[in-house]
Amino acid sequence: MFGKLILNGVVLALGLQATSALANCQPAAAQSLERVGQTRLSVWFWDVYDAELLTDTGVYDDYHRRALRLSYLRDIKAKDLVETTEEEWRRLGISVSAQHQQWLASMQRMWPDVGKGDCLILVETEQGFSEFYNAQGQLGAIESPQFTDDFLAIWLSPESRFKSERNALIGANK
Numbered sequence: 153m154f155g156k157l158i159l160n161g162v163v164l165a166l167g168l169q170a171t172s173a174l175a176n177c178q179p180a181a182a183q184s185l186e187r188v189g190q191t192r193l194s195v196w197f198w199d200v201y202d203a204e205l206l207t208d209t210g211v212y213d214d215y216h217r218r219a220l221r222l223s224y225l226r227d228i229k230a231k232d233l234v235e236t237t238e239e240e241w242r243r244l245g246i247s248v249s250a251q252h253q254q255w256l257a258s259m260q261r262m263w264p265d266v267g268k269g270d271c272l273i274l275v276e277t278e279q280g281f282s283e284f285y286n287a288q289g290q291l292g293a294i295e296s297p298q299f300t301d302d303f304l305a306i307w308l309s310p311e312s313r314f315k316s317e318r319n320a321l322i323g324a325n326k
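In short: position in the sequence shown from 1, add 152, done, that's the numbering used here.
You may find that some hints are simply not true.
Claimed, not checked - With beta-carbon atoms standing in for the labels, derived distance ranges:
{"#": "1", "residue 1": "260", "residue 2": "311", "range": "23 to 29 Å"}
{"#": "2", "residue 1": "279", "residue 2": "196", "range": "35 to 41 Å"}
{"#": "3", "residue 1": "281", "residue 2": "244", "range": "18 to 24 Å"}
{"#": "4", "residue 1": "253", "residue 2": "197", "range": "32 to 38 Å"}
{"#": "5", "residue 1": "267", "residue 2": "216", "range": "31 to 37 Å"}
{"#": "6", "residue 1": "281", "residue 2": "250", "range": "15 to 21 Å"}
{"#": "7", "residue 1": "250", "residue 2": "186", "range": "34 to 40 Å"}
{"#": "8", "residue 1": "278", "residue 2": "198", "range": "34 to 40 Å"}
{"#": "9", "residue 1": "269", "residue 2": "231", "range": "16 to 22 Å"}
{"#": "10", "residue 1": "251", "residue 2": "197", "range": "35 to 41 Å"}
{"#": "11", "residue 1": "310", "residue 2": "268", "range": "28 to 34 Å"}
{"#": "12", "residue 1": "251", "residue 2": "186", "range": "27 to 33 Å"}
Stated by the list, open to error - Straight-line Cα separation of at most 16 Å, EDC-like style, residue types lysine to aspartate or glutamate; simulated pairs:
{"#": "13", "residue 1": "268", "residue 2": "199"}
{"#": "14", "residue 1": "231", "residue 2": "265"}
{"#": "15", "residue 1": "268", "residue 2": "227"}
{"#": "16", "residue 1": "229", "residue 2": "265"}
The hints are simulated quantities; they were obtained by calculation from the structure and are not laboratory data. Heads up, the beta-carbon is just placed ideally off N, CA and C, and yes, glycines get one too.
Given the sequences, and given the hints that come with them, work out the whole structure.
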């Protein structure tokens with residue numbers, strides 16, 4: 153039980169690693185986006201991930217499209233990533249509806265297990281939908297602006313679990 157609690161805390165620390173790992177996780181859909189901020193999430197003494205927020209304007213408060221790149225610094229099972237997504241939605245007060253359960257099932261099917269140096273990136277489309285990529289290419293999409301907002305709230309909401317990392321992502325620490 154204690155190990156799962158630690159793992160769940162660690163899983164939240166998704167992000168971007170070194171610049172070389174970022175270069176491998178740059179889909180064409182995100183190439184025109186500009187960095188707003190970046191951070192490293194560490195839980196206790198474990199580095200979990202580096203994260204980078206991008207927008208079409210390079211500004212958090214004024215954007216039409218966003219992307220969140222997560223570069224992992226440790227091994228995490230896809231199942232744990234999906235479970236943690238649901239836990240964070242609940243913690244943020246997002247009602248996990250039947251639609252949310254379908255989205256979680258879609259993520260479980262599309263996301264791979266990740267290891268040190270792997271990346272996942274969500275790129276928001278012009279329609280507000282979410283496309284997921286890793287270094288090998290597109291993993292899948294969820295065609296819902298509500299999903300995009302709810303998913304990104306884990307990192308970008310003022311109620312995010314990791315306040316200083318959220319502030320770094322949105323450029324509040326500049």
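These are the hints, each one checked on the structure:
In this structure, residue 260 and residue 311 meet the distance hint of 23 to 29 Å, their C-beta atoms being roughly 25 Å apart. A C-beta distance of roughly 40 Å is found between residue 279 and residue 196, which places it inside the suggested range of 35 to 41 Å. Taking the beta carbon of each, residue 281 and residue 244 are about 21 Å apart, inside 18 to 24 Å as hinted. Taking the beta carbon of each, residue 253 and residue 197 are about 35 Å apart, inside 32 to 38 Å as hinted.
One distance hint, 31 to 37 Å for the beta-carbon pair residue 267 and residue 216, holds here, with the actual separation near 33 Å. At roughly 19 Å, the beta carbons of residue 281 and residue 250 sit within the given window of 15 to 21 Å. As the Cβ distance of residue 250 to residue 186 is approximately 37 Å, the hint placing it in 34 to 40 Å holds. In this structure the supplied range 34 to 40 Å holds for residue 278 paired with residue 198, their Cβ-Cβ distance being about 37 Å.
Between residue 269 and residue 231 the C-beta distance comes to about 20 Å, which sits within the given range of 16 to 22 Å. For residue 251 paired with residue 197, a C-beta distance near 38 Å keeps the hint of 35 to 41 Å intact. The beta-carbon spacing between residue 310 and residue 268, approximately 31 Å, falls within the hinted interval of 28 to 34 Å. Distance hint check: the CB atoms of residue 251 and residue 186 are about 32 Å apart, consistent with the given range 27 to 33 Å.
Restraint check for residue 268 and residue 199: the C-alpha separation of about 10 Å stays at or below 16 Å, so the hint holds. Restraint check for residue 231 and residue 265: satisfied, since their Cα atoms lie roughly 8 Å apart, inside the 16 Å limit. Of the supplied pair hints, the one linking residue 268 and residue 227 holds, its CA atoms being roughly 6 Å apart against a limit of 16 Å. Only pairs whose Cα atoms come within 16 Å are accepted, and residue 229 paired with residue 265 is accepted, the gap being roughly 4 Å.
The structure meets every hint from the earlier list without exception.
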